[in-house]
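Undergrad: From first to last, the protein sequence lines are chains A and B.
Start counting the first sequence at 1; every next residue gets the next number (my numbering).
Start counting the second sequence at 1; every next residue gets the next number (my numbering).
Note that these hints are calculated values from the structure, not bench results.
We put the CB at the ideal spot given by N, CA and C, even for glycine.
Do not rely on the hints blindly, as some may be mistaken.
Unchecked claim - Derived DSS-like pairs (lysine-lysine); straight-line CA-CA distance at most 25 Å:
(1) A:K149 <-> A:K111
(2) A:K314 <-> B:K55
(3) B:K40 <-> A:K242
To be verified - Partial pick of chain A residues on the chain B-facing surface, computed with a CB cut under 7 Å:
(4) I13
(5) S33
(6) G61
(7) N93
(8) A112
(9) L147
(10) A150
(11) Y151
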Amino acid sequence: MSKAGSVPGDEPIPLWLLAELTYACPLQCPYCSNPVDFARHKDTLTTSDWIDVLQQARALGAAQLGFSGGEPLARRDLSDLIGEGRRLGYYTNLLTSGVGLGEARLKALKKAGLDHIQISFQASSKELNDFLGGASSFDHKLKMARLIKAYGYPMVLNVVIHRRNIDEIAHILEMAIALEADYVELASTQYYGWALINRDQLLPSRHQVARAEAIARRYQERLVGRMRIFYVVPDYHENRPKACMGGWGNVFLTVTPDGTALPCQAAGQIPGLIFPNVKQASMEWIWRDSPAFNQFRGLDWMKEPCRSCPERLKDFGGCRCQAYQLSGDATAADPVCELSADHRHVVDAVDRADEAVAHGHTEPPPLLFRNAKNSAALDG
Amino acid sequence: MPVPMPLPPDSVVEIVPTLRFQWEEAQQAYVLLYPEGMVKLNESAGEILRRCDGKRTVNDIIEDLQHQFPDAELDGDVREFIEVAREQGWIRTR
Ligand code: SF4
Ligand code: SF4
Numbered sequence: 001m002s003k004a005g006s007v008p009g010d011e012p013i014p015l016w017l018l019a020e021l022t023y024a025c026p027l028q029c030p031y032c033s034n035p036v037d038f039a040r041h042k043d044t045l046t047t048s049d050w051i052d053v054l055q056q057a058r059a060l061g062a063a064q065l066g067f068s069g070g071e072p073l074a075r076r077d078l079s080d081l082i083g084e085g086r087r088l089g090y091y092t093n094l095l096t097s098g099v100g101l102g103e104a105r106l107k108a109l110k111k112a113g114l115d116h117i118q119i120s121f122q123a124s125s126k127e128l129n130d131f132l133g134g135a136s137s138f139d140h141k142l143k144m145a146r147l148i149k150a151y152g153y154p155m156v157l158n159v160v161i162h163r164r165n166i167d168e169i170a171h172i173l174e175m176a177i178a179l180e181a182d183y184v185e186l187a188s189t190q191y192y193g194w195a196l197i198n199r200d201q202l203l204p205s206r207h208q209v210a211r212a213e214a215i216a217r218r219y220q221e222r223l224v225g226r227m228r229i230f231y232v233v234p235d236y237h238e239n240r241p242k243a244c245m246g247g248w249g250n251v252f253l254t255v256t257p258d259g260t261a262l263p264c265q266a267a268g269q270i271p272g273l274i275f276p277n278v279k280q281a282s283m284e285w286i287w288r289d290s291p292a293f294n295q296f297r298g299l300d301w302m303k304e305p306c307r308s309c310p311e312r313l314k315d316f317g318g319c320r321c322q323a324y325q326l327s328g329d330a331t332a333a334d335p336v337c338e339l340s341a342d343h344r345h346v347v348d349a350v351d352r353a354d355e356a357v358a359h360g361h362t363e364p365p366p367l368l369f370r371n372a373k374n375s376a377a378l379d380g
Numbered sequence: 001m002p003v004p005m006p007l008p009p010d011s012v013v014e015i016v017p018t019l020r021f022q023w024e025e026a027q028q029a030y031v032l033l034y035p036e037g038m039v040k041l042n043e044s045a046g047e048i049l050r051r052c053d054g055k056r057t058v059n060d061i062i063e064d065l066q067h068q069f070p071d072a073e074l075d076g077d078v079r080e081f082i083e084v085a086r087e088q089g090w091i092r093t094r
């Protein structure tokens with residue numbers, strides 16, 4: 001959806017605050033955006049710490065507030081935080097798997113002033129949904145989606161798309177129509193952390209992407225005015241990067257369960273950056289002055305080919321985390337860009353995906369699920 | 001796509017209840033907030049939407065604005081904006 005943006009040249013405002021309340025989650029999606037070493041991060045912010053964060057960010061101009069995780073419903077003070085967010089004038093969004101939700105909870109959230117719920121499904125069939133989430137949740141999700149609508153919330157239905165479910169896209173959209181979703185986000189998997197580990201299992205082929213895009217477009221046209229469908233082709237299948245986060249330190253501010261402030265959810269992996277913590281510093285200092293938030297702000301940090309590229313104001317050189325992951329250098333052009341010296345990595349991965357899909361070998365090696373045991377094992 | 005019916009001047013206009021319209025101090029602008037997104041409104045859009053309160057008709061809104069900005073020629077522009085806002089799903093009419 002059209003994310004809030006700010007005009008270059010203006011003093012940036014953290015219009016979007018994402019509160020990652022906890023990394024606890026009953027599901028184990030193999031593409032989870034939580035850090036691979038999540039098991040060692042504890043939920044150390046108390047209710048009053050969070051309220052302080054909300055107040056400070058609102059004073060800086062934050063207007064959209066997302067509560068996510070992990071599974072944010074795992075925090076028992078969720079209603080209190082939503083209530084405070086609403087009182088401060090935020091538009092409050094709950095990003096949930098639906099697991100842990102029930103009618104009483106839904107009622108309490110409504111009373112607290114929650115504006116909108118985004119419910120995620122792993123797939124549109126019970127079998128695949130429950131396989132990917134690592135637990136039986138499909139029937140409950142369906143029930144919760146209906147209840148969300150019955151309580152009058154605007155509902156976004158979110159499905160992370162990858163090789164295993166991309167061929168079901170029409171079926172997913174039919175499910176969304178039946179559930180009367182107001183918006184559908186067919187969110188192409190972004191290959192960081194867990195998803196990067198599982199990339200050779202998850203990246204769709206060129207053929208799959210072309211087909212899915214055509215189907216999504218057909219539904220978009222058919223459902224104008226009824227349901228909005230967002231589908232963005234996975235960036236690996238493009239030759240230009242996306243304008244990641246609307247620019248580093250430009251619009252987005254994420255606070256993790258232990259109070260670390262990040263310009264994007266994946267930024268924690270970039271070495272050499274010291275990310276500030278809300279318990280040690282003010283939000284104002286973090287946003288305006290901290291070295292981490294200024295590291296890739298604006299255009300001065302760029303090197304070639306971005307530095308002299310006419311498109312640098314459009315995509316800001318792409319994603320810093322992806323640049324680091326694929327080229328080992330966080331100041332390089334995002335390798336999704338054709339002009340990057342490391343673009344080959346991306347093309348090779350897509351070639352491998354084409355081959356794997358063509359030969360139907362989606363099985364070994366197995367998917368690595370996101371759970372505490374695997375997290376501890378990977379955190380060497 | 002169906003062609004929208006022209007707006008009768010006596011229809012009452014209101015912002016769709018699932019959207020939130022509010023003044024943002026940091027942006028010095030009115031904004032419309034909706035699930036995971038926000039539109040920053042320019043001054044005239046903000047002044048029009050501020051009056052779409054579920055009580056005033058299109059004519060009331062125009063009259064009111066004309067009163068506030070006596071030198072402006074705004075009848076056509078306001079009608080057009082209200083049409084567009086309705087197509088965008090920002091407002092609804094009764
Ligand atoms: S992606 Fe899956 S495992 Fe990760 S937080 Fe969301 S529901 Fe839980
Ligand atoms: S060279 Fe850099 S700025 Fe130019 S299109 Fe590629 S990533 Fe964007």
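Undergrad: Which hints from the list above does the structure break, by number from lowest to highest?
TA: 2, 5, 8, 9, 10 and 11
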